[in-house]
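Student: Protein chains in written order, with UniProt numbering: chain A, 1 to 323; chain B, 1 to 301; chain C, 1 to 336.
Since the hints were derived computationally from the structure, they do not count as laboratory data. Small disclaimer: the values here were computed from a predicted structure and weren't measured. Ideal Cβ positions, reconstructed from N, Cα and C, are used throughout, including at glycine. No incorrect hints appear here.
Residues from chain B that face chain C, not an exhaustive set, calculated with beta carbons under 8 Å:
#1 L143
#2 T154
#3 I155
#4 A235
#5 G240
#6 G272
#7 L280
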Amino acid sequence: MSLLKIRNLRVEFGSLAHPFPAVDGLDFDIDRGELVGIVGESGSGKSVTMMALMGLIDAPGRVTADELVFDGHDLLKLKPAQRRKIVGKDISMIFQDALTSLNPSYTVGFQIKESLKVHMGLRGAALEKRALELLELVEIPAAKSRLGAYPHQLSGGMNQRVMIAVAIACNPKLLIADEPTTALDVTIQAQIMDLLERLQKEHNMGLIMITHDLAVIAEMAKRICVMYAGQVVEQAPVADLFRAPRHPYTQALLEAIPEHSKGARRLSALPGIVPGHYDRPKGCLLSPRCRYAQDKCSQERPALLDGVRCYYSLNAEGESTHG
Amino acid sequence: MTTQVQIADVVPSYPSPLKEFWQSFSHNKGAVVALFIFLCVIFCGVFAGWIAPHDPVEQYRDHMLTPPSWAEGGMSTFLLGTDELGRDILSRLIHGARISLFIAFMSVLMSLIPGMVLGLLAAFFPKGAGTVIMRVMDVMLALPGILLAICIITILGPGLINTMIAIAIGTLPSYTRLTRAAAMAEINKEYVTASRVAGAGALRLMFLTVLPNCMAPIIVNATLGFSSAILETAALGFLGLGVQPPTPEWGTMLSAARDYIERAPWVVTMPGVTILVTVLSINLMGDGLRDALDPKLKRAA
Amino acid sequence: MFSFILRKLATVIPTFIGITLVAFALIRMIPGDPIEVMVGERKLDPVMHAAAMQRLGLDQPLHIQYFRYIKDLAQGDLGISLVTREPVTKEFLTLFPATVELAICALLFAVLVGLPAGMIAGLKRGSVFDHGVMGVSMTGFSMPIFWWGLILIMYFSVTLGWTPVSGRIDIEFDIAQRTGFLLIDSWLSGEEGAFKSAAMHLILPTIVLGTIPLAVIARMTRSSMLEVLREDYIRTARAKGLAPTRVVVVHALRNALIPVITVIGLQVGSLLGGAVLTETIYSWPGIGKWLVDSISRRDYPVVQAGILVSATIFIVVNLFVDILYGVVNPRIRSAK
Chain A
1 MSLLKIRNLR
11 VEFGSLAHPF
21 PAVDGLDFDI
31 DRGELVGIVG
41 ESGSGKSVTM
51 MALMGLIDAP
61 GRVTADELVF
71 DGHDLLKLKP
81 AQRRKIVGKD
91 ISMIFQDALT
101 SLNPSYTVGF
111 QIKESLKVHM
121 GLRGAALEKR
131 ALELLELVEI
141 PAAKSRLGAY
151 PHQLSGGMNQ
161 RVMIAVAIAC
171 NPKLLIADEP
181 TTALDVTIQA
191 QIMDLLERLQ
201 KEHNMGLIMI
211 THDLAVIAEM
221 AKRICVMYAG
231 QVVEQAPVAD
241 LFRAPRHPYT
251 QALLEAIPEH
261 SKGARRLSAL
271 PGIVPGHYDR
281 PKGCLLSPRC
291 RYAQDKCSQE
301 RPALLDGVRC
311 YYSLNAEGES
321 THG
Chain B
1 MTTQVQIADV
11 VPSYPSPLKE
21 FWQSFSHNKG
31 AVVALFIFLC
41 VIFCGVFAGW
51 IAPHDPVEQY
61 RDHMLTPPSW
71 AEGGMSTFLL
81 GTDELGRDIL
91 SRLIHGARIS
101 LFIAFMSVLM
111 SLIPGMVLGL
121 LAAFFPKGAG
131 TVIMRVMDVM
141 LALPGILLAI
151 CIITILGPGL
161 INTMIAIAIG
171 TLPSYTRLTR
181 AAAMAEINKE
191 YVTASRVAGA
201 GALRLMFLTV
211 LPNCMAPIIV
221 NATLGFSSAI
231 LETAALGFLG
241 LGVQPPTPEW
251 GTMLSAARDY
261 IERAPWVVTM
271 PGVTILVTVL
281 SINLMGDGLR
291 DALDPKLKRA
301 A
Chain C
1 MFSFILRKLA
11 TVIPTFIGIT
21 LVAFALIRMI
31 PGDPIEVMVG
41 ERKLDPVMHA
51 AAMQRLGLDQ
61 PLHIQYFRYI
71 KDLAQGDLGI
81 SLVTREPVTK
91 EFLTLFPATV
101 ELAICALLFA
111 VLVGLPAGMI
121 AGLKRGSVFD
131 HGVMGVSMTG
141 FSMPIFWWGL
151 ILIMYFSVTL
161 GWTPVSGRID
171 IEFDIAQRTG
181 FLLIDSWLSG
191 EEGAFKSAAM
201 HLILPTIVLG
211 TIPLAVIARM
221 TRSSMLEVLR
231 EDYIRTARAK
241 GLAPTRVVVV
251 HALRNALIPV
261 ITVIGLQVGS
271 LLGGAVLTET
281 IYSWPGIGKW
291 LVDSISRRDY
301 PVVQAGILVS
311 ATIFIVVNLF
321 VDILYGVVNP
331 RIRSAK
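Here chain A stands alone, though its shape is the one from the complex (with noise of 0.2 Å):
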């Protein structure tokens, strides 16, 4: 049994006339100590995804699924109560800005505890002592001064490690991280990226992780699912994905990493930008920005068909297998 499925999930803003699905029908699964990455654009839905399962998608908002299963409880039929005592526990989640998304109220320290105390009810000598493991656990250097530390003393690089610290207290079974590195350098990237990898190996933690830059995971993770306009158009393992990409889509995100596009006088990028409320079209969500699109593309939506969300899906050669 994988550890979270996930069937038909749909998010919807706006008004109930005039819905806008910023999730539609979603399907997804992860196991039990599996790397998975979420790939695509900005507004394509990764985010909104993950704080649906979180439960921090506020009306107007609205969710809904067929399942919403992580490890055996059915999140959508909990109470709140019950469902907060597996957010932040057995899930947990880390943000992209960490300097923003920790309280500039209180200190380091206060905040890892925080779930500790909650969660795992730990008082006295036993949370200090765990907090300072945990320090130590994301390396960060003179931990027991750096509990005491204000995040705005604290590097941004530094703060990302006290936000995955907050985030493993608990040892979670599932960890989502929403492009922990975007907001960092790259030299700094990089060993966060190792720090999330080894802290997932270690702990047998499933990781999602989600990123608009293939590049990024395409080391790190087993499985990729892409996400388009809210739907997942391609889902394969890493090497299938990079070697032949069968959606369109899939394959214009990898032209427009660099090291693909040696030799071409400009980078490649896909024109236009992931529809919003008032241009969603008609037919495959694509369509007006894809290059083999056809009449029927426009005209009717194309369902997820063995990993893949296209009429004409790409052959090894990367060619539109239309007639």
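Please arrange chains B and C on chain A, whose structure you already have, making use of the hints.
Tutor: The following block gives chains B and C in isolation, referenced to the frame of chain A:
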């Protein structure tokens, strides 16, 4: 491999700034109603001589303390009743609008313009002039508005012009500080540097390059300044330090009416309601203005 | 922390010197001959005039006069009232507690009502309660408080007869002054009904003086709350699985209150200004009424002292608020 895709041609049609402003302003229903009320008050003030049914200082000795027309003993000629000297309250209120608006307008102007100049100077020359200006403003800010006005009235004596001066001096620091803060934020931006490199002089930089980009907060502050000037004029009038009777000023009217609280409540009620409605409508308008002018807040709501 | 306080103190000193200059200049800027203005008579005997000039030190050069003024100030000497011939300091000390008592009650009223109202309005954005709070606070903010005071008298004192019209306590009570705060003194005196009388006298002035601060605090708390609730760290707190009350009380409230503290400090200015009007309406024997009466009596040393004292209170309170701000906001403390 890199076949270009034609994106559907969209000709973007951007609304003119004025239209865009009106669109976001009219989104706020309260602000539109407030604007309408305020325009009515302005209309009354400007055309007071034609609208007012009576001469505001004419004393109808036979009809002293006549209640409003709908109350028992009221007369239809005196719609809102008469005061302790038999003067028509409605006419006095209408003429009062002219005085209050005039004082408020002039005092805003008299503090806005020097305030902007001083603020720009303080921003452009932070070492010399700036320090001196801001220290002086700190001193002025240490005296709460009405106390500073009292202080100035003590020196100059009461009266219409002096009320204007007192209020203008009292609000000067807020414009100076605001302009300085806004200008300081703009001064390091690339477009200013570009203009400087292109050889623009200090005056041109100050007034043509930087100032227009600082206007949004200043305009909002000016609306608030306008409403507080009306309140302060009335407060000074009430204390007997402002416009002197028999000039029909709202606060001065209230001051005289205090003794008739029991016998003639309308003499107290009417001027106060007028002040409240006027000030409220300006403040609501100011709120609408702020939301419409401040791009940061624009989409947040 | 100590150096932070010292830094703040240093910024206040020039302002205070400026205030003494203003107060000093005030008397000398009144048009006309100072002695004639003070004595209130014209065409004084030249000998008497010269004697008066010498007595008051007005024949000295200005900077000498100023230093003398500062020296007197340092010794707590604010001059002699022209009307009562009493030392201004003495009069001030008997009147000051009345104003402080009123101002504290008004501020408490404003904070105790405004803060929770603004907070709930922010948490329940768009609800009927939110619209109600915003409407009421907008009206309160636009209120001419001298009129508001009259209306309250008209309704509660004249029509209903619930509250007294003016003063601090009914005349039948003769309360010995111990603290100067009548609420405390009347309670200490043990006289039956004295405390109730003092409290009843306080209600209307408190409401009137507290109205504008209340409106400002409610609005500020609401918008600050809304802003903080959008912050990333609130999302983090919720992602930790904390209960909604804990998210609000521990994580949102503390940050939301930081700007509100500054606003409360600034309200002290509005209280001082408002006290002038409120005390006039309710014949409240405090420094606000004293100041206004002195202007009409042309008692310039009192006006001078009143201005100086009000400004000093304002400066000191805001200094205190600045320091408090540093205590609650760790980012400010370490900033230069």
